[in-house]
Amino acid sequence: GENVEQHPSTLSVQEGDSAVIKCTYSDSASNYFPWYKQELGKGPQLIIDIRSNVGEKKDQRIAVTLNKTAKHFSLHITETQPEDSAVYFCAATPGGAGNMLTFGGGTRLMVKP
Amino acid sequence: SAVISQKPSRDICQRGTSLTIQCQVDSQVTMMFWYRQQPGQSLTLIATANQGSEATYESGFVIDKFPISRPNLTFSTLTVSNMSPEDSSIYLCSVEWGLPEAFFGQGTRLTVV
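The listed protein sequences correspond, in order, to chains A and B.
Going by this note's numbering, 57 is the number at position 57 of the first sequence; the sequence numbering is gapless.
Going by this note's numbering, 33 is the number at position 33 of the second sequence; the sequence numbering is gapless.
For the record, the hints were derived by calculation from the structure and aren't laboratory data.
Please note that the accuracy of each hint is not assured.
Below, simulated SDA-like cross-link-like pairs (lysine to any residue); rule was C-alpha separation at most 20 angstroms, straight line [stated by the list, open to error]:
1) A/K22 / B/N50
2) A/K22 / A/P113
3) A/K42 / B/P39
4) B/K65 / B/N50
5) A/K42 / B/I12
Residues on chain A that point at chain B, a partial pick, calculated with CB under 10 angstroms [to be verified]:
6) V4
7) Y32
8) K58
9) E83
10) F89
11) A91
12) T93
13) T102
Residues from chain A that keep clear of chain B, each with C-beta distances beyond 10 angstroms, as calculated [said to hold, decoys possible]:
14) H7
15) K22
16) A29
17) K42
18) Q45
19) N53
20) V54
21) G55
22) D59
23) Q60
24) T65
25) T78
26) S85
27) L101
28) V111
29) P113
C-beta atoms are modelled at their ideal positions from N, C-alpha and C, and glycine is treated no differently.
Work the whole structure out from these sequences, hints included.
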């Protein structure tokens, strides 16, 4: 089955700096890679995703890159703000109906004002 | 995206008792998933629930401990039976929305004393 590793487990940055979170996956059949943000007391919220036919995707201050050959993908947050502080999870799946997500271990991001 | 409501949002229960968690979606969905998130940990899939069929459980989870109902395309319940302190976790309902995006409810924070 799929195995997703996520690094770092904690990340502290100064407001305005960039943050990068990296994930690797094991199953070459995986073709969909979402990122979730989980704030305290809330469920995970989908913030961005990427499919295997795309190398990079950007949405305002958030971008995700994918290297299928190396089986790794990354989340980039620029100009971080205190409200970006949360736990971020990467995930991978082969996609298709009923193909469940395999999650990374999570990264606790702290943005210091 | 789908709006997913979970009840209760939190509960404190006595060991040996059972708790049923409800998940309501504002649209009809084929696949619903139940996850467990232990304190400070990532998400682990408990089971996949399709309407009209038995839930499919992941390794380490059994129907006697986590019975699931899926009576229609907008509703599901997860029961945590004969609870022990080790069952203290956040339980999350998720739906597959537009292959393969998945969205989560806000979670049920369970504490067993």
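Cross-check of the supplied hints:
{"no.": "1", "hint": "A/K22 / B/N50", "verdict": "33 angstroms, violated"}
{"no.": "2", "hint": "A/K22 / A/P113", "verdict": "24 angstroms, violated"}
{"no.": "3", "hint": "A/K42 / B/P39", "verdict": "13 angstroms, holds"}
{"no.": "4", "hint": "B/K65 / B/N50", "verdict": "19 angstroms, holds"}
{"no.": "5", "hint": "A/K42 / B/I12", "verdict": "18 angstroms, holds"}
{"no.": "6", "hint": "V4", "verdict": "9 angstroms, holds"}
{"no.": "7", "hint": "Y32", "verdict": "5 angstroms, holds"}
{"no.": "8", "hint": "K58", "verdict": "18 angstroms, violated"}
{"no.": "9", "hint": "E83", "verdict": "18 angstroms, violated"}
{"no.": "10", "hint": "F89", "verdict": "6 angstroms, holds"}
{"no.": "11", "hint": "A91", "verdict": "8 angstroms, holds"}
{"no.": "12", "hint": "T93", "verdict": "6 angstroms, holds"}
{"no.": "13", "hint": "T102", "verdict": "8 angstroms, holds"}
{"no.": "14", "hint": "H7", "verdict": "13 angstroms, holds"}
{"no.": "15", "hint": "K22", "verdict": "15 angstroms, holds"}
{"no.": "16", "hint": "A29", "verdict": "13 angstroms, holds"}
{"no.": "17", "hint": "K42", "verdict": "6 angstroms, violated"}
{"no.": "18", "hint": "Q45", "verdict": "7 angstroms, violated"}
{"no.": "19", "hint": "N53", "verdict": "14 angstroms, holds"}
{"no.": "20", "hint": "V54", "verdict": "14 angstroms, holds"}
{"no.": "21", "hint": "G55", "verdict": "19 angstroms, holds"}
{"no.": "22", "hint": "D59", "verdict": "14 angstroms, holds"}
{"no.": "23", "hint": "Q60", "verdict": "18 angstroms, holds"}
{"no.": "24", "hint": "T65", "verdict": "19 angstroms, holds"}
{"no.": "25", "hint": "T78", "verdict": "24 angstroms, holds"}
{"no.": "26", "hint": "S85", "verdict": "16 angstroms, holds"}
{"no.": "27", "hint": "L101", "verdict": "6 angstroms, violated"}
{"no.": "28", "hint": "V111", "verdict": "19 angstroms, holds"}
{"no.": "29", "hint": "P113", "verdict": "24 angstroms, holds"}
Comparing the model with each numbered hint stated earlier shows that hints 1, 2, 8, 9, 17, 18 and 27 do not hold.
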